[in-house]
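**Q** Generate coordinates for the entire structure from the input sequences, incorporating the hints supplied.
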Amino acid sequence: MTTLPATPDIAARTALVRAGRIRRSRRRVLVMVVLAVAVLALLSAVIMIGNTIYPVSDVLAVIRGESVPGASFTVGTLRIPRALVGALAGLAFGAAGTTFQTMLRNPLASPDVIGISAGASAAAVVCLVVLRWSGTATMFAALIAGVATAAAIYFAARGGESTGGRLILIGIGIGAMLDSVVSYTIQRAAEWDVAVAMRWLTGSLNGSRWEDVLPLGIAVAVLLPALALLSRQLKALELGDAAATSLGVRVDHVRILLILAAVALTCFATATTGPIAFVAFLAGPIVSRLVGHGSSLTIPAALMGACLVLTSDLIGQFAFDTRFPVGVITGILGAPYLLFLLIRTSRRGGSS
Amino acid sequence: MTAQHQLTAEALVSGYGNRTIVDGVDLELAAGRITVIVGANACGKSTLLKTLARLIKPTSGAVVLDGKLISELHTKQLARTLGLLPQQPIAPEGIAVADLVGRGRHPHQKLFQSWTTDDDRAVVEALDATGIADLADRSVDELSGGQRQRVWIAMALAQQTDILLLDEPTTFLDIAHQVEVLDLLTDLNHRRGTTIVMVLHDVNLAIRYADTIVAVKDGKVLAMGEPSEVVTCTLIEEVFGLPNSITADPVSGKPMVTPIGRHHVRLTQSATHPS
Chain A
639 MTTLPATPDI
649 AARTALVRAG
659 RIRRSRRRVL
669 VMVVLAVAVL
679 ALLSAVIMIG
689 NTIYPVSDVL
699 AVIRGESVPG
709 ASFTVGTLRI
719 PRALVGALAG
729 LAFGAAGTTF
739 QTMLRNPLAS
749 PDVIGISAGA
759 SAAAVVCLVV
769 LRWSGTATMF
779 AALIAGVATA
789 AAIYFAARGG
799 ESTGGRLILI
809 GIGIGAMLDS
819 VVSYTIQRAA
829 EWDVAVAMRW
839 LTGSLNGSRW
849 EDVLPLGIAV
859 AVLLPALALL
869 SRQLKALELG
879 DAAATSLGVR
889 VDHVRILLIL
899 AAVALTCFAT
909 ATTGPIAFVA
919 FLAGPIVSRL
929 VGHGSSLTIP
939 AALMGACLVL
949 TSDLIGQFAF
959 DTRFPVGVIT
969 GILGAPYLLF
979 LLIRTSRRGG
989 SS
Chain B
587 MTAQHQLTAE
597 ALVSGYGNRT
607 IVDGVDLELA
617 AGRITVIVGA
627 NACGKSTLLK
637 TLARLIKPTS
647 GAVVLDGKLI
657 SELHTKQLAR
667 TLGLLPQQPI
677 APEGIAVADL
687 VGRGRHPHQK
697 LFQSWTTDDD
707 RAVVEALDAT
717 GIADLADRSV
727 DELSGGQRQR
737 VWIAMALAQQ
747 TDILLLDEPT
757 TFLDIAHQVE
767 VLDLLTDLNH
777 RRGTTIVMVL
787 HDVNLAIRYA
797 DTIVAVKDGK
807 VLAMGEPSEV
817 VTCTLIEEVF
827 GLPNSITADP
837 VSGKPMVTPI
847 GRHHVRLTQS
857 ATHPS
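First to last, the sequence lines map onto chains A and B.
Numbering-wise (my numbering), the first sequence opens with residue 639 and increments by one.
Numbering-wise (my numbering), the second sequence opens with residue 587 and increments by one.
For the record, the hints were derived by calculation from the structure and aren't laboratory data.
All figures in this text were calculated on a predicted structure; none of them were measured in a lab.
You may find that some hints are simply not true.
[Claimed, not checked] Just so you have them, the derived chain A footprint on chain B, three or more residues with Cβ under 8 Å: (1) 638-648; (2) 660-670; (3) 675-688; (4) 703-714; (5) 722-733.
The beta carbon of each residue, even a glycine, is placed where N, CA and C say it ideally should be.
**A** Pasting the structure below:
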């Protein structure tokens, strides 16, 4: 490529454009650092705070494997798994949500709104409560159900113009049907108990166990970096299929990979905690206001998801006389935003 | 001048589903020249461009770049030679001009490689070439239609391809901005030797700016060549189904099409109408 006739100040202006770009990306890095610190602080809080507040020294002793009266059970068996499952599920929901929202260019298009979480949740509840399958088998059943739900929505919405808007409406419909499967199963289950019911209806961290941490942890450790690596392609895809193709992105290929990774994250998290309401839906829009527009939101949204889950869990546990599961709190946060988006959409008469 | 790449269509047939839209097109796109494709609505001109840009797979025939089928070239490598500005690309909400232009660098970037000085320089050159350097930090949302179109062209320029295809780059622009965009593309062609292939709606602007004009009807090429040689009353009537009169464009000296409708026609003029 020959360069244009060199204008005297091109170096200076290159520096200026570079400075602008660095300024915008520095803001993103700053937000990520702050969010990462917040996640760590919230993790510590969930681990230390409870009916008994244990000092850091006790917590560290438990982590080192020493036996501390009281703390070994409360911290080691109850709180650490709870905190880790909460953080991992938050990371998964946040990253999956923003991936869908960016890919479909619509804030309503997160997997929890368009029924994918409901598919995973319905499969999980049937496997656990009716078929009495093990945790791992349930996870894979939830994964298959989530992928099947995504495929069903995709094929039902295909064809014609404005696939995005129709896809969301069909997804909401399918989600409602699957939610009723969850309610029905819980109603019919012999050993009906509130904790289990709440988990599959709204999502809950109660009863999180060490056995849950590993599979979810592996899923997040593999799929979150995969989504991060695809984020550059996602940024091209955001400009429309035609523009992305001309930028050298294999559109169909990349889209399938993005969908599979995001659906898998949603399903693994849902099979562990239940469909924690609106975390996937809220994380992306919140961080996009913090980091500014135009840069990849995958990692910031994942961190924001973890913050949302852990904060809501703390609020649910301690802010009221009654303990609420985490999904009730995130539901309270998310519902007004959903309403706001729906009202804005109907005012604009479009699907964005 | 840049390396000369040769883009060719051979017996190209393409369409959507079972509907054939481009029906047997042979086209050799002159390297380093401006080729403009014209035709009536739904004649297949846009589909032809999309097939050349590999957005649509040909049903039969082939698009060949430098002797190789484009379907067999590595997509990123192809994207460093052949760029397309689609008709309606989508700007992410709130994105800064420089960031959107920077997305044109995608085919030049590797998986783990960070942003390089070359990337920044390409962005600055693209901003300069399109005259929007002072908008670099502004949000694309705030810009006017004309400015926004320059941003998209700048993104295509930052991709630094030797061949640039544009699908109606002047749609939604007023006449002044249309001329501005076409001047800009001509500058680019003169300075960098970029091969430009575009679809235009306005037949007179097409004639004025084209080195080679391609007239398409019903998915077939009716005529192709230098505008002053191929544009005739009969051709325009055949392509658009519109009676017309051709005079010399007082500005460029190239042919100029004046449509003849059912109203506002002076008898004297219709009498001199050559067809």
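**Q** Look at each hint and say if it fits the structure.
**A** A quick look at each hint next to the structure:
| no. | hint | verdict |
| --- | --- | --- |
| 1 | 638-648 | holds (count 3) |
| 2 | 660-670 | holds (count 9) |
| 3 | 675-688 | holds (count 12) |
| 4 | 703-714 | holds (count 8) |
| 5 | 722-733 | holds (count 3) |
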